[in-house]
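Q: Protein chains in written order, with numbering that gives the first Met the number 0: chain A, 0 to 492; chain B, 0 to 275.
Be aware that one or more of the hints could be misleading.
Below, in silico cross-link-like pairs of lysine-lysine (BS3-like), each with a Cα-Cα straight-line distance of 30 Å or less [to be verified]:
| # | chain 1 | residue 1 | chain 2 | residue 2 |
| --- | --- | --- | --- | --- |
| 1 | B | K40 | A | K229 |
| 2 | A | K488 | A | K169 |
| 3 | A | K121 | A | K134 |
| 4 | B | K230 | B | K259 |
| 5 | A | K379 | B | K256 |
| 6 | A | K307 | B | K259 |
| 7 | B | K120 | A | K379 |
Think of the hints as simulated: they come from the structure by calculation, not from any bench.
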Amino acid sequence: MTNNIDYKEERNAQWRAELRQKLKTKDRTSLPRVHMPEQNAQTRSHNKLEVNEGLSEQMALEEAKRCIDCPDPTCITGCPVSINIPKFIKKIEAGDFNGAASVLKETNTLPAVCGRVCPQEKQCESKCFYTITLKKPPVAIGYLERFAADFERESGNIAVPEVAAPNGLKVASIGSGPAGLAFAADMARMGYSVTVFEALHEIGGVLKYGIPEFRLPNVIVDVEIENLRKMGVNFVKNFIVGKTASFDDLRQDGYQGFFVGSGAGLPSFMNIPGENSIGIFSANEYLTRVNLMNAADPSTDTPLQSGKVVAVIGGGNTAMDAVRTAKRLGANRAIIIYRRSLEEMPARVEEIKHAQEEGIEFMVLHNPTEYIADKDGYVKQIIVQRMDLGEPDASGRRRPAPVEGSEFTIDIDNAIVSVGVSPNPLIPSSLPDLKTTRWGTIVVNENTMQTSVEDLFAGGDIVRGGATVILAMGDGRRAAEGMHEYISKKVKK
Amino acid sequence: MNRIVGKHFFSERVIGLTVEAPEIAKSRKAGHFVIVRVDEKGERIPLTIADADINQGTITLVIQVVGVSSAKLTALELGDHILDLVGPLGQATHVERVGTVLAAGGGVGVAPLLPIIKAFKQAGNKVISVIAARNKDLIILEDEVAKYSDELIVMTDDGSHGVKGLVTHGMEQIIQRERVNLAITIGPAIMMKFCSQLTQKYNIPTVASLNTIMVDGTGMCGACRVSVGGKTKFVCVDGPEFDAHQVDFEEMLTRLKAYKREENEAIASYLASQKQ
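Looking at chain A on its own, in the form it has when it is part of the complex:
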């Protein structure tokens, strides 16, 4: 995405030039990368407080010095929403932390969220001068992003981004997850009247029902949502577009465009014997009970089973969230069962490291083949099979193949299946003209995010099938741009 910013010219600003003079590049590059303070692994595996505690001001100031303010900031190319990275880091170095937060918010609606959950090691930090040229640990861009956003929030004066004068045009976002929120922010800024429809009883989508408190506290999400409210965004909970009201109803109500960011709802199962026994859940169910319904709190009505031995099937971030949640809820053995090796595991390196420190068992190169239930139907054992890695498959990862005769059983209380999701059919099924792929994802024009239904745009997991918070936000922003162009043309006619 282009932001039409002349990074070179900005870099020549006097304050930046002066800042660069303060310390020689050689001295900057000899500074060590900051370590994120963390809760002790023993303690944190029994509470739901955040694992990463955030940088102190001193740490942030030191880390910001490491950024050499490159003439060609390649880091920005690694960011799906093109954050002006050197500018915000230099603001931190200059001690203007709120200024840094403002820079972040020029392109990113949810910096406190992204600073926590983005896979920076695969994005901005992988494109950092340190990584590419110096072969040294990159500037801790993610930590600094979180620092600036947290500082601003805790200061109590969160800047509300400026919005253009109302243009009198109504648009809707379907889904209030990262894609929908990013879309809503951009449209509000352009003067549109934006309503975000959410099917659940909480705003935030996966940020609320999926990602656990120890990785992303709900209060942080709520502050960001409150900020959108201040920008004039309207939120409607318990409303399913296409069901509660049809698209035509809403068109008649004056909505000029719709953005679908309804996520990759349906959890996949493996379809192996015994998988529908009691005590086996999808990761979505388990995490929704714990995060959205607060089921682990005995004062709530939603029941929860979280036993002493919990097996989690899968190796993604959701699997890590589930297994670490099970540990926190009292499991003696919380086991990841993954069919490939640690190297192929799709979860973030940091999540895997944290899980290992917390005593999660990693049973890699194993795959379940069957579950065995007791006479009441409760799962009691899982049969797993050893796997070998063969030649790389279509995904480029080495294909796992079962080792015949290697099966053995493990006694378990619960199993959590986290082997992927498929797109939620609710929207496509209410719009017969909407083009979808054979996987059920919505087909869009990649530049404008427009679908085959002209007033409908889409992004996030419903288009990608399963991606990250920041990619979803990037889609939301592109869709806002695309929809703005579409509506502007339509209105002129």
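Following the hints, complete the assembly by docking chain B onto the known chain A.
A: Just chain B, lined up with the frame of chain A:
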């Protein structure tokens, strides 16, 4: 929103609530359900829509008290609000003119069956209804069902009302008497299982509307999964109605007990707290 404007006691444990929900009243069709959450601590529970009034902007839910959430819900009085109400969810009943429809409802299942009976009747079918319960007090909506049925048989386990016997006895009597083109069954899972076995014997296409445990009700969690024809299906988005002959009722019966242990403890402590 979600204000309670009507409350009707079918029996001590079966209560009808009429709730203001104009959008749902307008968009719902026979077979649809809603998810409700009674208060901040409440569970999300699925309830089939028994009736709707577009002019009044209301829907009617019939609730049987089984757990804490249903007890809290039925304790609401006129003028109270249900915190969260979302719908209509699920696939609407596929209604067409097929000829003779045999509708079998058990206990509180008669409530969701009623709009389906109505829809089939209005589509020009001959509708024969069999409604059943353990005893007279648990028979609900008899007059309403009678109004939209060409014939109604009432069955009770103890013979305190209608004919003594199980729902399947009433059904078999009809099946042996005349040609039935479609059977529909809604009620406790065990009842639907036996209805399904009966109609399978006579090769009558049969639809069962399943009421499983759900959390979100929008396809996200998979708590409601059932095996239909050997494949895992989600009741919330693929159902709630399925070809009854393909449903693995044994598995469904087991899965319905998933949280029995936790629920029994919860209801005991809730009832104790109400007494204090």
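Q: Evaluate each hint against the coordinates.
A: Hint check:
Straight-line distance between C-alpha atoms of K40 (chain B) and K229 (chain A) comes to about 28 Å, which keeps the hinted pair within the 30 Å bound. Taken as a hint, the K488 (chain A) and K169 (chain A) pair is honoured in the structure, with Cα atoms around 15 Å apart against an allowance of 30 Å. The hinted pair formed by K121 (chain A) and K134 (chain A) meets the criterion: a straight-line CA distance of about 15 Å does not exceed 30 Å. Between the alpha carbons of K230 (chain B) and K259 (chain B) the distance comes to roughly 25 Å, so the proposed pair stays at or under 30 Å and holds.
At most 30 Å may separate the alpha-carbon atoms for a hinted pair to count; K379 (chain A) and K256 (chain B) meet this at roughly 16 Å. The hinted pair formed by K307 (chain A) and K259 (chain B) meets the criterion: a straight-line CA distance of about 19 Å does not exceed 30 Å. Of the pairs offered as hints, the one joining K120 (chain B) and K379 (chain A) is violated, with about 48 Å between alpha carbons and a cut-off of 30 Å exceeded.
Consistency with the previously given hints fails for number 7 only.
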